[in-house]
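Peer 1: Fit chain B to the supplied structure of chain A, relying on the hints for placement.
2 protein chains.
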Amino acid sequence: MAITIKEVAARAGVSTATVSRVINNKGYLSREAVDRVKQAMRDLNYVPNTAARSLQGKDSMTIGVVLPSLDNPLYSELFEAIESKLSTAHYQTLLCTSSNLPDKEEEYFSLLRANRVEGIITSSHGDFLKRKANENYPIVCFDRNISTKIPSVQSDNLSGGRKVADWTVSRGAKRVLILSGSTEDLYPIDDRIKGMMSVFNRADIELETAALEFDSSTSVKALLIQKLIASRDYDAVCCTDDLTALMLKRVADAMDYHPLVTGYDGSDFIRTFFPDLTTVCQPIPQMAELMCNLLIEKIHNRSYQFESEYNFPVKLVHE
Amino acid sequence: MAITIKEVAARAGVSTATVSRVINNKGYLSREAVDRVKQAMRDLNYVPNTAARSLQGKDSMTIGVVLPSLDNPLYSELFEAIESKLSTAHYQTLLCTSSNLPDKEEEYFSLLRANRVEGIITSSHGDFLKRKANENYPIVCFDRNISTKIPSVQSDNLSGGRKVADWTVSRGAKRVLILSGSTEDLYPIDDRIKGMMSVFNRADIELETAALEFDSSTSVKALLIQKLIASRDYDAVCCTDDLTALMLKRVADAMDYHPLVTGYDGSDFIRTFFPDLTTVCQPIPQMAELMCNLLIEKIHNRSYQFESEYNFPVKLVHE
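Line by line, the protein sequences give chains A and B. If you read the first sequence in the UniProt record's numbering, its first letter stands for residue 1, the second for the next number, and so on. If you read the second sequence in the UniProt record's numbering, its first letter stands for residue 1, the second for the next number, and so on.
Warning: the hint list may mix true and false statements.
For lysine to aspartate or glutamate, the following EDC-like pairs were computed, each having C-alpha atoms within a straight-line distance of at most 20 Å [claimed, not checked]:
hint : chain 1 : residue 1 : chain 2 : residue 2
1    : A       : K130      : A       : E307
2    : A       : K38       : B       : D166
3    : B       : K85       : A       : D103
Simulated from the structure, these hints should not be mistaken for laboratory data.
Bound-form chain A, shown alone:
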């Protein structure tokens, strides 16, 4: 339970009005009263925003975020952008990671709600979200079409896939491998692949597809990739995320084999440290900002009607 200003007032031996004046820095107060209130706030680990709002109603001024993992810089950057945006709106943010396990995601949802977060931003795949969709509790998804009642904020994955394929064709590729970072047929990967295929099929490209287990270790992934490209059959490999593309590049380089390689996501980190990688760049800060705005809107107005999808344009970055 959050500490209230009543408890602070009791501990400091002053009225709640005095505590409120100290918090808001308004009205005349003796130096001694200010000191006592501040000491009481420290003693009780009192957080002004949270507690002031808690006294007025039931708002905890806290938002939860549930992500599969932080392995991909896309997710760390997305979280940092969310935290920063929510912070300017006076919300605090709690992050949980689920190792992509639906049971864990559901447990973290329960924990966050038990801790009275006012809404949750997530990229969970779990079926439990479908049940939650009818509760009208504020949830915004990143890149997940779970239900028409939970909005998905995402970039235009179909168009991103097409852009990658157009570039690959324009560079003269004839035999292409589409390499997916996950064996599961999940959104948004499937849309990226659909976009790529629509172009490759029209351009009469010889096409193969393969997928890596999402949770394999780096060395297992490297071995799988090595097998996949052992024949050196492809003149381009289009990957559904940047980390898979970088891994592919590394393995191929070691074989002195240099197909065209494309990634997907285009986080700041990847673009800074791998400026040579051709990739589709998602507008992470803008998507984070929209997710925060939608969630706050819904928190303040439970009858707020979301669109079911919010699509951001993407851009291809290449040398």
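Peer 2: Same frame as chain A, now just chain B:
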């Protein structure tokens, strides 16, 4: 407030003993009773671990983690290792990031404690931690010597600095720049630099030092680095973290200038995708495990006496 099994029992219209039998899957129960309890658990977003423990005492089975940011893969990997270890010990983990702002760190500490986390793992620098040290609340620091009452789990930064310098000298460097990723004179960077200097001074190396602002943007850092190395005076640049080293390499490469470069941290991510970088490798999973074990020990036994420092050996990785 966490939901208790009393509330689940009330909603299901059964006794708490029945709820407990459903949770623990023990004793005879009618199918109908099991269904009603499970439905009530779903309705109330009840988490068995948390709530069962809550009824017995005041345990929330939740741990908080406060980190400066997730920009450096060292921190994402550390958090993932902590979450995974705590998960096997039936704890849930909440992460907050502070953008390295002491006020924000303190606010997140208050939020986590208001949410009854049983202990906190942090790499905060904030002075407020010194005040907290006397509260005997379970806190474990990563890489921060705040107080003898709060243990710091860390790798041997002095030795790491010496290893980097030994390698640099062995490769024939005569003029060396030590480049710090932060302008503040903070632990652990200062120990790394001390370790480097002890070797360089003995080896009669011509030495200069410089530092970047921790929170500058990538492009500002790149410009600063460009100025620093414009004269091409150094035959080696030893950096206090891997990201600074990678940035330096990128800027120098663009100038067609190729000094020896060393980093520090050696996260899995960096070693996978930049296998050429000479760096000091911290044992992240082992440090995470010890932090979790120490914290759990302290939670169960408030009179548990920590050491003030736990140092892990490091290894230099180079081509």
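Peer 1: With reference to the structure, classify each hint as holding or not holding.
Peer 2: Against the structure, the hints:
no.: 1; hint: K130/A with E307/A; verdict: 16 Å, holds
no.: 2; hint: K38/A with D166/B; verdict: 51 Å, violated
no.: 3; hint: K85/B with D103/A; verdict: 17 Å, holds
Consistency note: the structure conflicts with earlier hint 2 alone.
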